[in-house]
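Chemist: Residues per chain, in single letters:
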Amino acid sequence: MRLLNLLKIAFKAIVLNKTRTLLTMLGIIIGVASVIAMLAIGEGSKESIRTTISAMGSNMITIRPGADDRGPARGSGGNVQTLTLQDYEVIKEKSELLSYITPVVNSGGQVINGSNNWPSTIYGVNPDYLNIKVVGLQSGSMFTDIAVQTASKVVLIGQTVVDNVFPDGQEPVGQMIRFNNIPFKVIGVLEEKGENTFGQDQDDVVIAPYTTVQKRILAIDYLNQIMASAISEDDAPEAVTQVTDILRSQHKLTATEDDDFTVRSMEELISTFSSTSEMLTILLVAVASISLLIGGIGIMNIMYVSVKERTKEIGLRMAVGGKGSDILMQFLIEAILISITGGILGVILGLSATVFIEKFLNWPTSVALYSIIISFAVCALTGIFFGWYPARKASALDPITALRYE
Amino acid sequence: MPKEIIKIEDLKREFIMGPETVHALRGISFTINEGEFVTIMGSSGSGKSTLLNILGCLDQPTSGIYEIDGVKMKDLTRNQLATIRNEKIGFIFQSYNLLARTSALENVELPLFYNSKVSSEERRDRAIKAIEMVGLKERMDHTPSQLSGGQQQRVAIARSLVNNPVMILADEATGNLDTRTAYEIMSIFQELNKQGITIVFVTHEPDIALFSHRTIVLRDGNIIKDYKNTNVLSATEELAKLPKQED
Numbered sequence: 001m002r003l004l005n006l007l008k009i010a011f012k013a014i015v016l017n018k019t020r021t022l023l024t025m026l027g028i029i030i031g032v033a034s035v036i037a038m039l040a041i042g043e044g045s046k047e048s049i050r051t052t053i054s055a056m057g058s059n060m061i062t063i064r065p066g067a068d069d070r071g072p073a074r075g076s077g078g079n080v081q082t083l084t085l086q087d088y089e090v091i092k093e094k095s096e097l098l099s100y101i102t103p104v105v106n107s108g109g110q111v112i113n114g115s116n117n118w119p120s121t122i123y124g125v126n127p128d129y130l131n132i133k134v135v136g137l138q139s140g141s142m143f144t145d146i147a148v149q150t151a152s153k154v155v156l157i158g159q160t161v162v163d164n165v166f167p168d169g170q171e172p173v174g175q176m177i178r179f180n181n182i183p184f185k186v187i188g189v190l191e192e193k194g195e196n197t198f199g200q201d202q203d204d205v206v207i208a209p210y211t212t213v214q215k216r217i218l219a220i221d222y223l224n225q226i227m228a229s230a231i232s233e234d235d236a237p238e239a240v241t242q243v244t245d246i247l248r249s250q251h252k253l254t255a256t257e258d259d260d261f262t263v264r265s266m267e268e269l270i271s272t273f274s275s276t277s278e279m280l281t282i283l284l285v286a287v288a289s290i291s292l293l294i295g296g297i298g299i300m301n302i303m304y305v306s307v308k309e310r311t312k313e314i315g316l317r318m319a320v321g322g323k324g325s326d327i328l329m330q331f332l333i334e335a336i337l338i339s340i341t342g343g344i345l346g347v348i349l350g351l352s353a354t355v356f357i358e359k360f361l362n363w364p365t366s367v368a369l370y371s372i373i374i375s376f377a378v379c380a381l382t383g384i385f386f387g388w389y390p391a392r393k394a395s396a397l398d399p400i401t402a403l404r405y406e
Numbered sequence: 001m002p003k004e005i006i007k008i009e010d011l012k013r014e015f016i017m018g019p020e021t022v023h024a025l026r027g028i029s030f031t032i033n034e035g036e037f038v039t040i041m042g043s044s045g046s047g048k049s050t051l052l053n054i055l056g057c058l059d060q061p062t063s064g065i066y067e068i069d070g071v072k073m074k075d076l077t078r079n080q081l082a083t084i085r086n087e088k089i090g091f092i093f094q095s096y097n098l099l100a101r102t103s104a105l106e107n108v109e110l111p112l113f114y115n116s117k118v119s120s121e122e123r124r125d126r127a128i129k130a131i132e133m134v135g136l137k138e139r140m141d142h143t144p145s146q147l148s149g150g151q152q153q154r155v156a157i158a159r160s161l162v163n164n165p166v167m168i169l170a171d172e173a174t175g176n177l178d179t180r181t182a183y184e185i186m187s188i189f190q191e192l193n194k195q196g197i198t199i200v201f202v203t204h205e206p207d208i209a210l211f212s213h214r215t216i217v218l219r220d221g222n223i224i225k226d227y228k229n230t231n232v233l234s235a236t237e238e239l240a241k242l243p244k245q246e247d
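Protein sequence lines, in the order shown, are assigned to chains S and W. Heads up: the first sequence at position 174 corresponds to 174 in our numbering, and the numbers run straight through without jumps. Heads up: the second sequence at position 234 corresponds to 234 in our numbering, and the numbers run straight through without jumps.
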């Protein structure tokens, strides 16, 4: 009964002060919404990196020539000539943890078909490549081992290349194109994969037997890279160690010498990029926390002033029989109603903002439950505490002091 | 023998203002019986408002005894004092102290919100009855800003009545009003007093004191006069004698 009365009083006070209530809520709404939205962006980018990398083949292992110098100033490993076809053959022979393996040589160049031309990259690989990269064929077929042995002038092309050198919708399979003025027969089109998270167009590729690229385009006998895929994702770290050991003995490195190659699994790549996006998330959370803090200060301010300016009212309520606890409860209920309503509106706004960002800006987002809980709790508690604290002071006054307050 | 409702003995109230101590009340004693209509007179600074605030349990004396119905106020907790204010005392202020943007009826209902024994229907009925008693039934939906000073004070009186108090304490209740309105308010007080409610009325206007049974005069925190009024005027009659308002 008493609580019901106090609820009525508090509700009336809120309705009577719509603007003030709204302003208080605004702080909470924006605080909660921004935390939810920012965390959603952070989480979303993390998740999308993960899915992109998995789509690239989560079992994938890459072996590059040159020492591991990962970091912001990583140089191009392609100029180092320490990786050879022999290395590839030894790894293929000795490692039992790999299911597929291919040498990789690549070169940039111009794809030409009649009057259409397009700058792209040609990758020289063996037929295992499609399995390692998890790419299917849209039409045509993959070249065979025989084509590799004979250094056949055949290529498979990605969708971007198709769009640019066959703009009339012609069927590319069976057509002749030229890459750096060397004629190739198109024998297949790769399935469309789209852009990856790093903005790379995965369809802007030309694939040919590695022997063809080595001999007919680059005239080299070393490899730019070896790609392999472990039997399973769990075996990948073990496979990395194994390949490293094989290559060290193959390159006759002594115990004190550093590796002259780099073996990396996708798992490592994921963690490298995850840690980058982790940083991004932390940054976003920091920004969001500041807005939450500012929101909190706003709530604090308005609650404090609203109780102060109503000191006289508090005095009157006590003069007609309101107990200290009644006054306290009234303001507490007010603060709770405002904070919780604001919190709920903030969650709604945050979620809609997230949907908006996803739909219209095409940023990947992922709403984390903990962000909703934390931001809601912080704002609600700030609101309640700063409603309670001045009210508690006011309710401890003598009625006459409160009544005389100007 | 009439029942003593208020008894004070050697009541002192001091305020400490920085280095100085102001003696607002210097040890005063009197009793008020049930059904009396007492005015407390005195110039400003004489301590009359301080006295009334103590009588209304809004303020605590520095020393001395204050009893209502034989209960010493000093022994009560803050919550018990709140209950006394709620159930036994109706307080009326010079500046009305109505809640802004709140209808007259809701203002009158206010004390009953803090009395958990009263249901919401009863609260409304009693508030309407109280507002009828002060003649404002047609205006009970108006907010204070839509009412004149006299009407606002009548709402405040209705608010003080709604809990069926044993006594009504009024602090300069007519202080902000013109003579005609003041007499109207006084006639309401006289009517309430006839119904048996004890009234203690603080004023500095001698003509207002003529409507009461007894006058206590304060000066500098002491009682200098306490006398019975032999010729009590009727506010209703005095009101009739006033020149007609030209409207």
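Hint data in this document are derived by calculation from the structure and do not stem from the laboratory. Here the structure is a predicted model, which means the values were calculated and not measured. Yeah, the Cβ is synthetic: ideal placement off N, Cα and C, and Gly gets one too. Keep in mind that a hint or two might mislead.
[As the list claims (entries may be wrong)] Covered stretches of chain S (in silico footprint by chain W; criterion: 3 or more residues with CB under 8 Å from a CB of chain W, positions within the stretch not fixed):
{"id": "1", "segment": "290-296"}
{"id": "2", "segment": "323-336"}
{"id": "3", "segment": "394-402"}
Chemist: Look at each hint and say if it fits the structure.
Modeler: Hint check results:
Restraint check on the segment 290-296 of chain S versus chain W: 0 residues with Cβ-Cβ distances below 8 Å, three needed, restraint violated. For the segment 323-336 of chain S, the stated coverage by chain W holds: 4 residues have a C-beta nearer than 8 Å to a C-beta of that chain, and at least 3 were required. Chain W is given as covering the segment 394-402 of chain S, and this holds because 3 residues of the stretch bring a CB closer than 8 Å to a CB of that chain, at least three being needed.
In summary, the one numbered hint that this structure violates is 1.
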